[in-house]
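Enquirer: If you want the building blocks of each chain, they are given just below.
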Amino acid sequence: MWEALKRLYHRMGSPKWFYEISARWLPWFAIPAALCLIVGTVWGLAFAPADYQQGNSFRIIYIHVPAAILAQGAYAMMAIAGGIFLIWRMKMAAWVAAAIAPIGASFCFLALITGAIWGKPTWGTWWVWDARLTSMLLLLFLYFGVMALQKAMETDDTSAKAGAILSLVGLVNIPIIKYSVEWWNTLHQPATLKLTEESTMAMEMLIPLLIMIVGFYLLFATLIFMRTRNEVLWHERKKSWVKKLIEAEK
Amino acid sequence: MSLVTATIKRDLIIAARNPGEWLNPLMFFLMVLALFPLAVDPDPKFLSKIAAGVVWVAALLATLLSLDALFKADVEDGTLEQWLASGESLYAMALGKVFVHWCISGLPLTLVAPLLALMMNLPDDAYAALFFSLLLGTPILSLLGAVGAALTAGVRSGGLLLSLVILPLYIPILIFGASAVYHAGIGMEYAGQLGFLASFLCISMTLTPFAVAGALKLNLSR
Amino acid sequence: MSLVTATIKRDLIIAARNPGEWLNPLMFFLMVLALFPLAVDPDPKFLSKIAAGVVWVAALLATLLSLDALFKADVEDGTLEQWLASGESLYAMALGKVFVHWCISGLPLTLVAPLLALMMNLPDDAYAALFFSLLLGTPILSLLGAVGAALTAGVRSGGLLLSLVILPLYIPILIFGASAVYHAGIGMEYAGQLGFLASFLCISMTLTPFAVAGALKLNLSR
Amino acid sequence: MFFDSFAEFIAMGKHGFYVWLCYGITALVIIANILAPIRQRKKLFEQQARLQRREKKNASEA
Amino acid sequence: MTRSAPVDESKWFTTHCDLSAHDVSCERDDRILFENLSFTVKKGDLIQLAGPNGAGKTTLLRLMAGLNQDFDGEVRWYDENIQSCFQDYARQRLYIGHLSAIKKVLTPLENLRWFVSSWPEVSEDALWQALEEVTLAGYEDIPCQQLSAGQQRRVALARLLVTPTPLWILDEPFTALDKAGVAWLEALLALHVNRGGSVLITSHHALSDIPALRQIELGVQK
Amino acid sequence: MTRSAPVDESKWFTTHCDLSAHDVSCERDDRILFENLSFTVKKGDLIQLAGPNGAGKTTLLRLMAGLNQDFDGEVRWYDENIQSCFQDYARQRLYIGHLSAIKKVLTPLENLRWFVSSWPEVSEDALWQALEEVTLAGYEDIPCQQLSAGQQRRVALARLLVTPTPLWILDEPFTALDKAGVAWLEALLALHVNRGGSVLITSHHALSDIPALRQIELGVQK
Ligand code: HEM
Ligand SMILES: Nc1ncnc2c1ncn2[C@@H]1O[C@H](COP(=O)(O)OP(=O)(O)OP(=O)(O)O)[C@@H](O)[C@H]1O
Ligand SMILES: Nc1ncnc2c1ncn2[C@@H]1O[C@H](COP(=O)(O)OP(=O)(O)OP(=O)(O)O)[C@@H](O)[C@H]1O
Ligand SMILES: [Mg+2]
Ligand SMILES: [Mg+2]
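Residue numbers (our numbering), protein chains in the order written: chain W, 4 to 253; chain P, 21 to 242; chain X, 21 to 242; chain S, 10 to 71; chain V, 152 to 373; chain Y, 152 to 373.
Wrong hints could be hidden among the right ones.
[Claimed, not checked] Distance windows between CB atoms, simulated:
#1 W/Leu29 to X/Thr25: 27 to 35 Å
#2 Y/Ile293 to P/Phe230: 33 to 41 Å
#3 Y/Val256 to X/Leu131: 18 to 26 Å
#4 W/Leu29 to S/Lys66: 47 to 55 Å
#5 S/Lys66 to X/Ile223: 41 to 49 Å
#6 P/Val132 to S/Phe11: 56 to 64 Å
If you're looking for bench data, these hints aren't it; they were derived computationally from the structure. All residues carry an ideal CB built from backbone N, CA and C; glycine is no exception.
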């Protein structure tokens, strides 16, 4: 078991192996992702009952919540991949981290924008400085910082290392940021505007949500594969296997 | 193609290759906006009262920070020296550089400010005023800022010095810009403030390039 | 004398010869404070309410701007390379540089902030809180900022990038610092916030130098 | 189907605008996320192919 | 790096050089660098400014190029003060200083294109040829930051091949060039002098092979 | 600039140099700079890295100095990887790169003092003597920004006279030196090699006079 894991780890370190295997894996993520997203969307939009309080605006939940969950998870994944790169010098990890950043940021943006749009009919305002919302906004800032830094560095190696260092520092800070924002919020904020509490959701509402969450995860995986494959090609472009690949394409 | 247009084109190409040049001021703008509710008070009513001022202060600071790099790279790599050696008009060069700077900082800022003002709960009536006051005001910020940037281009830790030189000059624009938005928000007339900004824009468009040209020459006569 | 103490001494001498290095952050602090009454509302009651937050925001921005130069000069003139070549601990070097930075930015700022808070009509009870929250908070700003400064030292227009990288990390300090002052102003307990700042200071004093050392190495391995 | 008619489905009570805006933006973001790596890949292939052609030409000249 | 693509020399330039220094004196920091220096640069002259470090070679070169007005005496172009006919003068001389004015994010071709934008008669073909001659064929489309120090200098020197000016003013042009590069540049200088051009140059390198060479020795440093 | 003040050479250093490269390979941007390079630097060796611009001389030098870890193969100091005995190694070699690590606001003496702070045994007197030998007597108390390029380089080179290390690693040390300076440095290198020291150097300058000289030719640029 341990040996098998170790072998997998070493193989994951091999870009060529990853490139070849990911081509075979991609459809196994992409097709279920599309299915889940389509089924979940249709179910959520057309078949799930309306919320008795919020009416139909509640259907936004089917993208809002999956996007919010993923945006947070993606940051942790990016930081961990960066850490693996820094500690074990595994280049694949750096490329995965670089691939995650824009995807995570766009999901973060989606969570924010769908939340804001949802806020208008429910709270009568696009934005309030609620703890949850604020910490999501700060997460977006963290993503921006990492991406801007990666862009600004001149060489591939420094860009990967700088991004990794910053995302690790950010990861350590996330709980602190979250704690401070929540503490701040409970002191300042009149508790009138709150996200719906852990409402006991009806089954017909919950199942499409779960399907959407699974769909978003699969989509996320697909996107990471696609981007990481590009990173592999770019960084290995002078290796003979990539050269052959490119020649064969013509 | 003259050296002026060639330089404008070149600077725009550089900005296009470094998206950070125009994205970073925008992100900074957003972040500074977020500081206030966090530090002061997130109550929507309160925010709606300070929104006009805070949005303007944030826009001003974002412009200020982006100015640091305006001439510094050109001084350090010798581009400016070549410009001066070419015998072409430094006045035109100054205007060209400011134009490019505004395109990559003031203009995007003006375009997104109304969106971000939503977060500050800006009164509905004030959006037009915010947009137009920024549209007239940000070019002035770029023009005046260019004077400071040119003066401090040769200085090592120029960023902070630049702020000190320029902030006092920015005060009138800040006052008129913010008050236009504030007055619009409480339903009052704000054409006067915009008029002031427009006329100030005309004056600074004609005068500041001279100052910029003079300051740039200073950096070189060593 | 070891290289660390020699460097601290040298940097302090440099700061003494360039008074701008420590005066500029102070003046910037003052100017940002002055912007708010002008842009928002000069009513003393209103000011007294926002004073805590605005003073903290201004202190944060002043620190941010002074960070840009922290490692840049050392990278560009080869000092850092020599440091690395010397084989001495980069961890110690990072701490030493941050210490000097705090001495010439955070410390003077902490000392004058109570004076300037007078202008913002800060409630009488809040002065002690302002002083102590800044005394504990500004070293954290310097420490976290050093990470950003080290990461962006090799980058051309680093100033803005640095802000983007660092601002989100500054939020908890801003929140606790400003709220300590605010609560003191309305006669409430603020030991909790100071406690948070103190413990955060301890954590960042032990951890950030590693990140700084790692980031500095990046700038050299070319 | 929860809705009685297609028009009702589009209207979503009074919240049609918000719901459809959300789903529209989401669709755009997802499509952009899918297209970006595909275009990146295409560009990479073209660029590298051009480079390899040039290298070959240089090698044969030398 | 041979002169593979000789330019059509009959058309190379229409005016000839007639630059003269009259009693030029200059001091920096209480120290007289040179005093009452007079000399002329005419058709076919190759003048090397020699002298130890800090003698004032760069200073003299810059004031001859019209980039520095902080001196006593007069520099004339065809009997007119260079400042009063600067536009004219600038089109007749090419100045390449220590700094190469290369933008790192742009390609060699884009950089060269900017350099010659004041000379609309220079064709795109000529630029490609020039880059080929400085052995940068194949590097035309690579950002300059990926080139070595010597290669970047070659991009700057490629201007010598495309801009039709009779007078070249060059400050340490041999820096960072390898042996082949040095030989090529020497040959180019000889060619330029032979076809009736003039060169004013500083270099610690011995330019012995060119018969037209004249040296001006600047004061010994103390 | 003669060797007026010879140091007590018997005490100059206690260890000798034993540095070896084993199958070192390095590539940058798709291009192999060198491959499977092996050589040793022993007592009395003077090794010059030669090759055209962009051949990778600086890169090789930096990795031999332990400043760059981005390569394949191994560099050893007395049969131990330099990274694992870095502290030790660092005290036995002196690295002077392109950048001189001179702080412009400090005087030559203060700069030199910082350089030697890791060697407490170096006396203040030795520093004065060293500055005198590089013909900077009288300039000890003048801020370095008022010195010319060559004079600043001399301040950096003065370290060769005071730090007792057997191995010198020098990147283009002749840059900006005038003829007297070049002769002096050549003599110093010969002396160092004669007394049992070792030198690893890059220079486009021909070091013909020193018998111990060995050249390592790096690949031709393409
Ligand atoms: C810009 C505004 C908003 C942001 C940034 C935001 C952010 C978040 C975040 C971070 C989560 C947590 C996901 C998780 O980890 O479980 C979440 C969940 C949720 N949000 Fe929002 N939200 C916003 C607006 C809204 C609005 C207006 C509503 C509805 C009135 C809403 C309803 C929900 C619900 C029902 C959940 C899932 C239940 C839960 O996990 O507690 N959100 N949102
Ligand atoms: N910005 C300045 N401020 C004050 N003095 C200066 C400045 N620049 C140069 N100098 C002084 O002018 C003198 C001449 O400098 P210059 O650069 O012309 O020398 P150089 O002959 O080109 O020397 P090198 O061979 O080292 O390039 C130097 O001694 C220097 O002290
Ligand atoms: N930061 C960098 N990123 C990418 N490539 C680099 C970098 N620095 C140098 N190179 C490449 O490495 C090669 C070798 O550079 P290096 O500076 O070692 O050359 P050199 O032999 O010292 O040349 P010179 O004689 O011009 O100083 C160059 O071709 C350059 O393109
Ligand atoms: Mg000179
Ligand atoms: Mg080199």
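Enquirer: Could you tell me whether the CB distance from valine 256 of chain Y to leucine 131 of chain X stays inside 18 to 26 Å?
Expert: holds (25 Å)
Enquirer: Does the Cβ-Cβ separation between leucine 29 of chain W and lysine 66 of chain S fall within 47 to 55 Å?
Expert: violated (35 Å)
Enquirer: Lysine 66 of chain S and isoleucine 223 of chain X, beta-carbon distance inside 41 to 49 Å?
Expert: Between lysine 66 of chain S and isoleucine 223 of chain X, where Cβ atoms are some 59 Å apart, the hint is violated.
Enquirer: Is the hinted range of 56 to 64 Å satisfied by the C-beta distance from valine 132 of chain P to phenylalanine 11 of chain S?
Expert: Violated, at about 37 Å.
Enquirer: Does 27 to 35 Å hold as the CB distance between leucine 29 of chain W and threonine 25 of chain X, or does it fail?
Expert: violated (58 Å)
Enquirer: Starting from the range 33 to 41 Å, see whether the pair isoleucine 293 of chain Y and phenylalanine 230 of chain P falls in it by beta-carbon distance.
Expert: holds (37 Å)
Hint compliance for this structure: hints 1, 4, 5, 6 are not met, and every other hint is.
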